[in-house]
Structures are given as C-alpha cells and as structure tokens.
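K.L.:
Chain by chain, the residues run as shown.
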Amino acid sequence: MRLIAAFLTASLALAAGFAAFTVEPEGDQVVDLMTGVTTLPQGGRLVDAERGLALEAAYIEYKEGEFVKARDARLVRGDVRFRAGELVYRAGEERVVLSGGVSLTTPYLEGLSAPRGVLFLKDQVAVLEGGVKSERPEFSAPSLVADTAGGLVLLVGEFSYRDPELGVTLRGQGPEARLLLRFREDGEVEATTEVPEEVAARLLAYLER
Amino acid sequence: MRLLALVAGLGLASAALAAGCRDLPYVLESPAGVLGGEVMSYRAGELVFERACAELEELGFVAGRVVYRKAEGRLLAQDAEGEIAGWRFRAERLWADGERVGLEGAELSRGRIRVRAREVVVEGGAARLRDLEVAAPGYRLRAREGTVTRDRLVAVAVVATPCESGEALALAGRRAVFDVESGLLVFSESELDFHGVCLARPGELSFATDRPLDLSFPLRLDLSRGLTLGVEGLPLPEPGRPVNLWRNRLTLLGKELFTDTPSLSLGLSSPEGGFGVEVGPGGFSGSLWGPGFRSELREDGRGFLELRHGPAPGVGTFAVLVDGGSDWLVLGGELRTKARVPLAGGDLSLSAGATLAAPLGADPWAQLGGGARFRRGEFEAGVELGFHLGEPASFWGRERVSDRLTARARLGELGFSLLVEPGRVSSGLSYSGPVSLRADYGEFEDVRRLELGLGYRSPPPAPGGFSYAVRLGYDLLLGSWSRAEATLGYSDGCFVYQVSTWYRPAPWPDEAGGFGASLGMRLR
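Taken in sequence, the protein lines are chains V and A.
Mapped onto the working numbering, the consecutive letters of the first sequence carry residue numbers 1 to 209.
Mapped onto the working numbering, the consecutive letters of the second sequence carry residue numbers 1 to 524.
Incorrect hints may appear among the rest.
[As the list claims (entries may be wrong)] Examples of chain V residues lying across from chain A (beta carbon under 7 Å, computed):
| no. | residue |
| --- | --- |
| 1 | SER140 |
| 2 | SER143 |
| 3 | LEU170 |
| 4 | ARG171 |
| 5 | GLY172 |
| 6 | PRO175 |
| 7 | THR192 |
| 8 | THR193 |
[Stated by the list, open to error] Just a few of them, taken from the derived set where beta-carbon distance is under 7 Å, the chain A residues facing chain V:
| no. | residue |
| --- | --- |
| 9 | PRO25 |
| 10 | HIS388 |
| 11 | LEU452 |
[Stated by the list, open to error] Pulled from the structure, derived: some chain A residues nowhere near chain V, Cβ distances all over 10 Å:
| no. | residue |
| --- | --- |
| 12 | CYS163 |
| 13 | THR228 |
| 14 | GLY310 |
| 15 | SER351 |
Calculated from the structure, these hints are not laboratory results.
For every residue, glycine included, the Cβ atom is placed at its ideal position computed from N, Cα and C.
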C-alpha cells in the first residue's frame, strides 16, 4: 500500500509547490510584456527552495498567479520523482492536468504510470486514468482516484495486485470492480471492495470532470 | 496476502481450479489455488472474503465468510461446505494454519455414508476424526476416533448397530474399515451383543453398505394347527463374505407338533443349489436342486426330474422332464421365453411357455400358457392364462395342472385380483391404507362366498412404543362373521416384536380355520 502513500505525497508536493518559486532558465527566458507570460523555450527549473521542490522541464511557459505549462516535465522532491509529457496548471481552476504519459518513482515504488491524470488542488484529489500500471509492486487498474485529504484511494475497474514474494495475485474482476483503500493516521491501511455509496459517488464524480 | 502461501503450505498440489470460484468478483490467486468472494476487505490484520469459496486439489469449499488472520497465520471460515479428500463436508467452523486444516461440528458424506464428527483435522491428505458417528442405510456406527482418506474410512473403538435407537443389537469392534470403492465395511476383533449379552465373537465381519441389511429374524412360531416351531431361511455364515450377502439358508421346522400329523422339515439352500427333506406320518419326501436341474421324491414314491438349460440370458429356457414312479412314467419337454419392452412410458413384460408330456401307455397332453405384466409408476397390472390340450395328470412336478386365468391390478392403495379355474372363481377389491377395506367373492365347487372386510393398521411403532392392527370379516352369503384378526407390535428401537392371533369360523380354502396365533420378530 506504500505506493499509494508515495503518490499522495508527490501530489501534495506538486500542488503546494506552485505557491512561490525561483526560476533557473536552461537558455533564453522570454517575457511577453503585453501578456505577462514568461517562456523558457530551452526549458529550465522552477525551484521552491523552502519546500525542497523542483520542476524541471524541456519547455516551460508560465504567468505568475495564473498558469504554468510545461513539456517533458519532471517534478522532484527528495527521492520522489514525478514525470509528465505535458503539464498544465491553471490557478483559477485550481487543477493540474497531466497528459502525454505520467509516471512516478519513489523508494517504495517503481514505474507507476498512466496515460493521463488530473490533480484537483483545492479538493486535494488526484486522478490517474487511461490504464494505471505499476512495475514494483506489480499493480494495474483502469483508473485510480486519490483523496489525499481523506486518506482514501479508490481503484476503479478490473484491477490486479501481485505480490511476487508470496506469489499471489489479488484481482477485482469486471468493470464494476472497486477497491477502496483507507490510509489511517497510525500508518495502517484498510481496504474494502464494499465502497460506501456516498464515498463511491463523490470519488467517481472526479472521473467525469 | 499470505493466505495462499499458507494454503500452498498445506502440502496440496496445484490443480485445475473450478471456474465458479475463479469467476467471483474478487479473487486471490496462487499456484496452489484460488480464494474468491463477492466482497473483500482488509482491516487490522484481517483479510476477509464474504460469500466466499476456495478451490484447491484436496480442499475446496464455499463459506459465508472466510477470514485470514495475519498475526496468527490462520484461515477461518464459518458454515463451510465443500470437498476434502474426495468427501463432501459441511462444517460449522473451518480453520487452516500452515500445515493443517480443521473442521468443527462437521459432517462428511460419501455416497450414502454420512459421518458426523466433533472435530476433524486434515493433515497430509488424511482427515483424523474425533468422536464420530457414521450413518449408513440400515445401520449406525460410533467410534472414538477415525481416519478418512480418499479411499477409505478407518474407525477405532467402534460400536455399530442396525437399531433405530439404542444399541439392543450391536457389533463392537476394535477397528472398522469402510472401503469407498467396494462399499464394504469390515470389522476386526468384533463381538456381537444382544441386549449386552455376547452372542458371538465373529472376529472379522463385513457388511456391503450398498445393500440393505436384512435382519428379519427367521424364527417361526405358529399355533394355528398344533405347534409349528423352528427357523426358516436362517442365514449361515460364509467366511470372507459380507453379512448381508450371506446366501446359504437353513430351514429346520417342526410342523403341526402335538397333532396326529406332525412332521419335520430340514433344508439347506444357496443360489447354486440345495436340498430339502420332510419326514411325516405319511413317509419321506425330499428335493434336490442345482444348476440346471431339480429333482423331487414324493411321499407316494413318485419322483420328478427336471433338466433345464438356457442358451443365453434373457432368451428363455428349455427343459427335459421326467415324472413317474414304479407304475407310472411321463416324459416331457418344456419351452419358456420372456421379453421386456418399453410401452407408454412404462415397462411391459411378456412371457410364454409350452409343455409337452408323453405318459407311457397313455395319450400325450400339452399345456400352453402366457402372460403380460405392465408397470408404470404406481400402476401395475398383469394377466396370465394357461390351458391344456389332452388329459393331463392332475399334478406335474409339484404344480397343479389346470386351465387357469389370473389377473391383478394395483394403483397405489387400490388393488384388484381375479382367479378363474375349473371349480374355483375368486376375485377381490381392496383398499389398503391405514384403514383397509376388502370385498372378496369366491365360488368353490358348491360353496359361494362374499366377504366384506374392514381393518385398521396403526403407524409403525416408535422406539419403546406399540402398534396394532385389527381386521374383521363378515360373509354376506353365509350371513355370519367370517374372521376376527388382531396383531400387536412392540418396538425396542431395534426390533419389532409381533404377536398375531385370529379366529376364523369360516376360513377360505388354503386358509387355517379356528383359533390361531403366531409370534414374529423383525428388525425395525
């Protein structure tokens, strides 16, 4: 269950990191005085030294207080690395849209990936969809919704979890399969396939947005 | 997640898994098998499957709830039903740890054998049982402990009884083995007790569990015409053969003792053959039969020999017959055949026979006959017709030769019968429920009878209880009571003891008249 905790940490870090940052351009830094948009066409780093957070990208475009766009982006905080083909943050919507392939690596987790994802910053909810996969531990689900504030993660659709040490695989079968993970403050994790109706309705709604 | 690692640790090989379990919404798979459920949860070190099933090679079950306690390394299930080592089981509780599977409040079944046990522990492909009770058709068995494998059940310190309740008749053995394949239950170092009194120590004794245990007591005590006392068809032990398949039967009867016509009968029979002799005031008679032959010597000095051969099963038989004495000889031949055909959802049996007899010094005669019988569900009907050509001897072998028509029909509790032959016509209608009604009509030579009968039979006696039956008959043509009969039964939970008595002021032919009484005893 540690992979989910790592994912939540990274999501929160990303969301918090856009509050204040310094800019380290790789090449040019172009400022459009008419629009106020700053572009780093050769990429560079946005660094939040206070939180130890760095966004590295091959191309960055941002306007303070409004949006950040990045391509081939890597978000690094300590030993947590988060990658996305494209990253778009809009302060007004308070959401980060990730596309073009999303991946996350932590000491407890290798190769968690999905084609796309959305971070709902205000609600502290992260969604990965289009086929979520993890290499270590071996894990897959069509979609995943993480409620970081509530300590909940919902796997949606036909999922599997394989433990190579024990040689066992847990499967949820069919599109209606669900697995709700609840991360308690004492570090224990609870899991159930019987998802309370109000929780299912609230979390599944993020897949529609 | 250590659940199936645990199950793999039971020493059970991987297997083709049942699709039913694998298709459940949530499944945990391992090389050892699959655990599935409609709902799964994990909390505080407990992995729970609801409406669950498990399928492995030697252990498969469904249960309302299966819990794996991580700290104890133990699997628990409630109200589990499944199969283990080829036996179906139901258990109030099932548990499994790294090496063993346990069942509590369990019932195992295989075919018609049911085993209840306080505790069952499965280890290494065998199930060890404590305080077990075995129920098989016709008998019960209890034992202190036992072992169940795919092939057999072995019980130690065993007491078996055919009794419905109690153990009035019991077979106690050091050990009993039930072989699943053959259906044989074999006792060793056994002792047969009747009300605690040792009747025999047969050593090794076996039952065929797929056959009924017919222990009708062959004692015959009849007081209707003098005293008749003895055993009739007493099974004789056959070493190495199951008790209920003993085929050799002994008959030793003193008939009509204390009258002026006493006689003594002795007979021994088996499926292969036998003999019987009877000594009475009129002399000696006897019979001897075996595969393909039957011979009789009658009191009047005449003898009968039949040599019969059937070329193939179900086709029919033909026979050569000799009947005669010092002044009388008849040579004969006989053909009999029968066939069964399905008809209108039922079963039609047809039979036909012809006998040709050639008395020396007299004209030959022939007897022809045939019959048909139909059965479908509760309905059964049959008709038989026989007639002769020429003038036969009145007896042929032991059978009376006569033109004859018989018919019978039965539908549930309703019955009908008809017999027509020279000098005799009889027919009857009956209803044989707890309350029985009969109407019988007969013409015998110069006597005509029309008897109405009313009877009542109570249900079979419960253990420690009584049953009774009464029957009254009134003859409309004679204008008088024709019979009063009563039977009283008592069950000790094992045997039913019966005493019957009757008074028949106007008996029918072939029926004993006057006062009479008999005693009987049969298992349950």
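K.L.:
All hints are to be evaluated individually against the structure, with a verdict given for each.
P.N.:
Do the hints match the structure? See the list:
1. SER140: With a minimum Cβ separation of about 14 Å from chain A (threshold 7 Å), the hint on SER140 of chain V is violated.
2. SER143: Given a least distance of 17 Å, the restraint on SER143 of chain V is violated.
3. LEU170: This interface hint holds because 5 Å falls under the 7 Å limit.
4. ARG171: Given a least distance of 5 Å, the restraint on ARG171 of chain V holds.
5. GLY172: At about 5 Å, which falls below the 7 Å cut-off, the nearest Cβ of chain A leaves the hint on GLY172 of chain V intact, so it holds.
6. PRO175: violated, 11 Å
7. THR192: It holds, given that the least Cβ distance between THR192 of chain V and chain A is near 4 Å, below 7 Å.
8. THR193: Since chain A brings a Cβ to about 5 Å from THR193 of chain V, closer than 7 Å, the hint holds.
9. PRO25: holds, 6 Å
10. HIS388: Violated, about 80 Å.
11. LEU452: violated, 73 Å
12. CYS163: Per Cβ check, CYS163 of chain A is outside 10 Å of chain V; nearest 51 Å; holds.
13. THR228: holds, 76 Å
14. GLY310: Holds: least Cβ distance 63 Å, greater than 10 Å.
15. SER351: holds, 63 Å
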